[in-house]
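With these hints in hand, go ahead and build the complete structure from the sequences.
Here is what each chain is made of, one letter per residue.
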Amino acid sequence: MSFGIKLEAVTVEFDGHIALSGINLELTAKSVAIIGANGSGKSTFARLLNGLVKPTSGKLSVLGKSPTVSEVGFVFSNPDLQIVMPTVFEDVAFSLTGKKLSKDEVRSRVEAALGAVGILELQESNCHTLSSGQKQLLAIASAMVREPKVLVADEPTTLLDLPNTKHISNILHELPVQQLVLVTHDLDLAATCHEVVWFDRGVIRKSGNPKSTIAEYRKSFD
Amino acid sequence: MISLYRPGSSIIHSIPAGWKLLGLALSLALIGFFGKDLVGSIVVAAGVLALFLLAGLRPIEILMQLWQMKFLLLIVLVPQLIFAGLEKGIYNTVAVFSGILLAALVSLTTKTSDIVELIKRITKSQSFALLIALSINSIALVIGFSKSITEAGLARGVKPNPVRQIVTLFVVSLRYADDYAEGLAARGVVV
Chain A
2 MSFGIKLEAV
12 TVEFDGHIAL
22 SGINLELTAK
32 SVAIIGANGS
42 GKSTFARLLN
52 GLVKPTSGKL
62 SVLGKSPTVS
72 EVGFVFSNPD
82 LQIVMPTVFE
92 DVAFSLTGKK
102 LSKDEVRSRV
112 EAALGAVGIL
122 ELQESNCHTL
132 SSGQKQLLAI
142 ASAMVREPKV
152 LVADEPTTLL
162 DLPNTKHISN
172 ILHELPVQQL
182 VLVTHDLDLA
192 ATCHEVVWFD
202 RGVIRKSGNP
212 KSTIAEYRKS
222 FD
Chain B
55 MISLYRPGSS
65 IIHSIPAGWK
75 LLGLALSLAL
85 IGFFGKDLVG
95 SIVVAAGVLA
105 LFLLAGLRPI
115 EILMQLWQMK
125 FLLLIVLVPQ
135 LIFAGLEKGI
145 YNTVAVFSGI
155 LLAALVSLTT
165 KTSDIVELIK
175 RITKSQSFAL
185 LIALSINSIA
195 LVIGFSKSIT
205 EAGLARGVKP
215 NPVRQIVTLF
225 VVSLRYADDY
235 AEGLAARGVV
245 V
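In order, the protein sequences belong to chains A and B.
Heads up: take any position in the first sequence, counting from 1, add 1, and you land on the working numbering.
Heads up: take any position in the second sequence, counting from 1, add 54, and you land on the working numbering.
Just so you know, these hints were derived from the structure itself, not from any lab.
These figures come from a predicted structure and were not determined experimentally.
Glycine residues also receive a C-beta, built at the ideal position from the N, C-alpha and C atoms.
Hints are not guaranteed to be accurate.
Just the calculated beta-carbon pair ranges, DEER-fashion [stated by the list, open to error]:
(1) A/Lys167 - B/Ser64: 50 to 56 angstroms
(2) A/Lys31 - B/Leu82: 56 to 62 angstroms
(3) A/Leu160 - B/Lys124: 34 to 40 angstroms
(4) A/Ser221 - B/Gly211: 55 to 61 angstroms
Shown next as structure tokens:
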């Protein structure tokens, strides 16, 4: 079975603007951080991975196949964008709509997902009254309940304070996925990953060891 | 705030959503038929109170529901008092608000997902059921937008203006809709 994410000469263009240009990349590390300035193509890259954005040209595969929502979970920086149902349990269960599972199976999977992110006791709570950190955990549980093989999180800690950022970071690294991709401006969070890719104006400036890549990224602003 | 649902394990909570809605329709018909005099109004009001208690909800919950409807109460009561007289006006108002409270009781004791599931079964349409779920969810979002717009205006020293508020709310909601659609696609929602 193929492992990881592979891009061959991938270009993404929106209305004449090139967001990603001829990207060649192979990611096999368990956790990968994507860093770069605003507008560098990070979020476009993240959206490519679960099929929200299609390549204009080139070839992309995730685990040896074209990316699908069922195999690649996605978490946005603003969790409100992913809340559909009023209560926590219902919202996570919503992700299983159409899976033809029995009520007991749904309950068991939802409880497992909520337990994995530590918010099982909030299952009857109103989603809109949760704190930002709890909402982000809910978004992660909603993605994880589908049991994706890869999880992509686009700036998952942007709206969070330091304790919540650390908590979410720990939770993300403990999730049972084959590969975790974190798009982030938080270089401390990026440093927790096995590999870092630095995007700059739609191309990859450097990828590899977190320490050296982050150090070079920091230096580029001096 | 949406999600009126209050978790519980009462007998009212355990009744399936379809039966609850059927019971509500039947109750509304009975209220209209019997709630026309003093005895009928007392029986109706006591019945509503009993159902709230049976659902494990405190009487304060009824008062909170009525407080949220205070303006509606005035709109219903005042014309009734003018055109139907004091006695009849009060009986009619008790009947109307008992009906509303019973509908609230259904919301308070029924999960949105159960109502959505019922709609899906009746209409055989996943898309329609999703539309209902999103409509319910959007109430909280739009209330949140409205609050943010008011606060943003006040922070910049702008006095609240209903027309400006509505136009801004409309623009913000439309902009948010695009992002929300992407969020739904990421969760595997295909319509």
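Evaluated hints:
| no. | hint | verdict |
| --- | --- | --- |
| 1 | A/Lys167 - B/Ser64: 50 to 56 angstroms | 41 angstroms, violated |
| 2 | A/Lys31 - B/Leu82: 56 to 62 angstroms | 59 angstroms, holds |
| 3 | A/Leu160 - B/Lys124: 34 to 40 angstroms | 36 angstroms, holds |
| 4 | A/Ser221 - B/Gly211: 55 to 61 angstroms | 41 angstroms, violated |
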